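Asker: Sequence:
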Amino acid sequence: MDAKHHLIVAHEVTNVGIDRDQLCSMATKARTAMGTRELTVVADRGYFKGEEILACHEAGITAIVPKTVTSNATADGRFGKADFIYDAEKNEYRCPAGQRLIWRFSAIEHGLTLHRYWSSHCQQCSIKDQCTPSPQRRVTRWEHEVVLEAMQTRLDHAPEMMRIRRQTVEHPFGTIKSWMGATHFLTKKLDRVSTEMSLHVLAYNLKRVMRLLGPGALMNAMRA
Numbered sequence: 000m001d002a003k004h005h006l007i008v009a010h011e012v013t014n015v016g017i018d019r020d021q022l023c024s025m026a027t028k029a030r031t032a033m034g035t036r037e038l039t040v041v042a043d044r045g046y047f048k049g050e051e052i053l054a055c056h057e058a059g060i061t062a063i064v065p066k067t068v069t070s071n072a073t074a075d076g077r078f079g080k081a082d083f084i085y086d087a088e089k090n091e092y093r094c095p096a097g098q099r100l101i102w103r104f105s106a107i108e109h110g111l112t113l114h115r116y117w118s119s120h121c122q123q124c125s126i127k128d129q130c131t132p133s134p135q136r137r138v139t140r141w142e143h144e145v146v147l148e149a150m151q152t153r154l155d156h157a158p159e160m161m162r163i164r165r166q167t168v169e170h171p172f173g174t175i176k177s178w179m180g181a182t183h184f185l186t187k188k189l190d191r192v193s194t195e196m197s198l199h200v201l202a203y204n205l206k207r208v209m210r211l212l213g214p215g216a217l218m219n220a221m222r223a
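0 is the number of the first residue of the sequence shown in numbering that gives the first Met the number 0; add one for each residue after it.
What the hints contain is simulated information worked out from the structure, not anything from laboratory work.
A quick note: this is a predicted structure, and the numbers were derived from the prediction, not measured.
Misleading hints may appear alongside valid ones.
Using 27 Å as the maximum straight-line C-alpha spacing, the simulated DSSO-like pairs for lysine-lysine come out as follows [as the list claims (entries may be wrong)]:
(1) Lys28 / Lys48
(2) Lys188 / Lys28
(3) Lys206 / Lys28
(4) Lys89 / Lys3
(5) Lys48 / Lys80
(6) Lys66 / Lys48
(7) Lys3 / Lys187
(8) Lys3 / Lys28
(9) Lys127 / Lys66
(10) Lys28 / Lys89
(11) Lys188 / Lys176
(12) Lys176 / Lys28
(13) Lys66 / Lys28
(14) Lys176 / Lys187
(15) Lys80 / Lys66
(16) Lys28 / Lys80
(17) Lys89 / Lys66
(18) Lys188 / Lys3
(19) Lys187 / Lys28
(20) Lys206 / Lys176
Label pairs and their computed distance ranges (CB to CB) [as the list claims (entries may be wrong)]:
(21) Thr39 / Thr67: 26 to 36 Å
(22) Lys206 / Ile101: 56 to 66 Å
(23) Leu198 / Thr35: 24 to 34 Å
(24) Ala157 / Glu50: 22 to 32 Å
(25) Asp86 / Ala181: 21 to 31 Å
Think of the CB as a built atom: it goes at the ideal place given N, C-alpha and C, for glycine as much as any other residue.
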């Protein structure tokens, strides 16, 4: 969705039940459709995936996506990874107790290069029960973590972006669902459903442009 005019600039029907692999491809389609070189894309946390955010960064697309919180420590009320401060110059973390978590080793998991950090002082720490039940609290850092940190900083400085996302996306989504009725799609199979969805999007955009410009101006633009 274009946040200025609330037009659907790119869409795709998929039978994949999660959105984590869709961010960069949809952002690239949106940028092409809008004919612009610079684009800021805002999505909900269901689109958060490090590789996709990195792909947007490498493509020159600015992404703003809230991080998915999956930490057991945070869920249990203990310190989360965000409570550990990374020092890029020393390549180490500092924990809430002020101890240094130094680099120990690197490993490749699921195609990602991950670095492991921990401290040798955990057993003597007075607040260990607020941190981890394990012998040491270990912190994992992706080799491109700096890209995710930069995105989080953008979100921290512009918290209104998630409100803008809701105002931009949820209304047309609800409108089209209302048009489709209780049965939603009338066709089956991906190619037919994609065609049906394209017709819904076309109808929505035509009605939106008529509201913005008026039917006469739209007809003139189509004739030009």
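Asker: List, from low to high, the hint numbers that the structure doesn't satisfy.
Answerer: Hints 4, 7, 10, 16, 18, 21 and 25 not satisfied by this model.
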